[in-house]
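Trainee: Taken in sequence, the protein lines are chains A and B. Just so we're aligned: the first sequence equals residues 1 to 112 in this note's numbering. Just so we're aligned: the second sequence equals residues 1 to 114 in this note's numbering.
No lab work stands behind these hints, which were simulated from the structure alone. Just to be clear, a hint being listed does not mean it is correct.
Claimed, not checked - Residues of chain B placed beyond 12 Å of chain A at every Cβ, according to the derived structure: (1) 12; (2) 14; (3) 17; (4) 18; (5) 26; (6) 60; (7) 65; (8) 69; (9) 72; (10) 73; (11) 104; (12) 113.
Claimed, not checked - Covered stretches of chain B (chain A as the covering partner; in silico rule of three or more C-beta atoms under 8 Å from a C-beta of chain A): (13) 41-54; (14) 92-100.
Nothing here was measured: the structure is a model prediction, and the numbers come from that model. Here a beta-carbon is modelled for each residue, glycine too, at the ideal position from N, C-alpha and C.
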Amino acid sequence: KQEVTQIPAALSVPEGENLVLNCSFTDSAIYNLQWFRQDPGKGLTSLLLIQSSQREQTSGRLNASLDKSSGRSTLYIAASQPGDSATYLCAVRNNAGNMLTFGGGTRLMVKP
Amino acid sequence: ETGVTQTPRHLVMGMTNKKSLKCEQHLGHNAMYWYKQSAKKPLELMFVYNFKEQTENNSVPSRFSPECPNSSHLFLHLHTLQPEDSALYLCASSQAGTGGYEQYFGPGTRLTVT
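Only chain A is shown next, with the shape it has when bound in the complex (with noise of 0.2 Å):
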């Protein structure tokens, strides 16, 4: 059974700081990775998606790698922002299909 795991659970930054976030999966068999936001009491705005075939994907300040093999992805924030205040969320989906596992969040702040 794939579990994803998220570390660290809270982060807090200042502003302007660099930042990676870590999401980590036990089974490295997988289709593709999805990192999600989710403001607080909201739903989730998908960020990034990346396919198994590929390293990485990047969207404006915001890129995402991937190293299958060793069952991880990082989440790199440059030039951090308060409104980039919020939890981070990484997804993993083993097949083709429709199944999502996610972690359990990081709960980023950053302080102005």
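Given the structure of chain A, go ahead and fit chain B onto it with the hints provided.
Mentor: Showing chain B alone in chain A's frame:
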């Protein structure tokens, strides 16, 4: 309305009540999902519907009863719930079929069972 909408946004119900959560997607998708997000636990998939047919039931208790009358609408009927069922219930949609398609989420319904 755009994207995925959910109503109500907040719901308080007693253990003997019957209520329903509604989800509607305006994205032309054919797959819809219910997820449960409890405090301090990862998001859990509850049900999946593809082309109105239920294709996944993740061992969900029968006090949760989903209904998908068409590809745009999904309901979750609730009856005789327990306090531990209090959570944020999220609906999502995507293209159906084998392709590992991106899922789009609604804002959720915050449910409190008293």
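Trainee: Would you mind marking each hint as holding or not holding in the structure?
Mentor: Going through the hints against the structure:
1. 12: holds (15 Å)
2. 14: Fine: 22 Å to the nearest Cβ keeps residue 14 of chain B off the interface.
3. 17: holds (22 Å)
4. 18: holds (25 Å)
5. 26: holds (14 Å)
6. 60: holds (14 Å)
7. 65: Consistent with the label, residue 65 of chain B stays out of reach of chain A, its closest Cβ about 20 Å off (over 12 Å).
8. 69: holds (19 Å)
9. 72: The claim stands: residue 72 of chain B keeps its Cβ more than 12 Å from every Cβ of chain A (closest is about 17 Å).
10. 73: holds (17 Å)
11. 104: violated (7 Å)
12. 113: holds (17 Å)
13. 41-54: The restraint on the segment 41-54 of chain B holds, since 7 of its residues have a Cβ under 8 Å from chain A and three suffice.
14. 92-100: holds (count 6)
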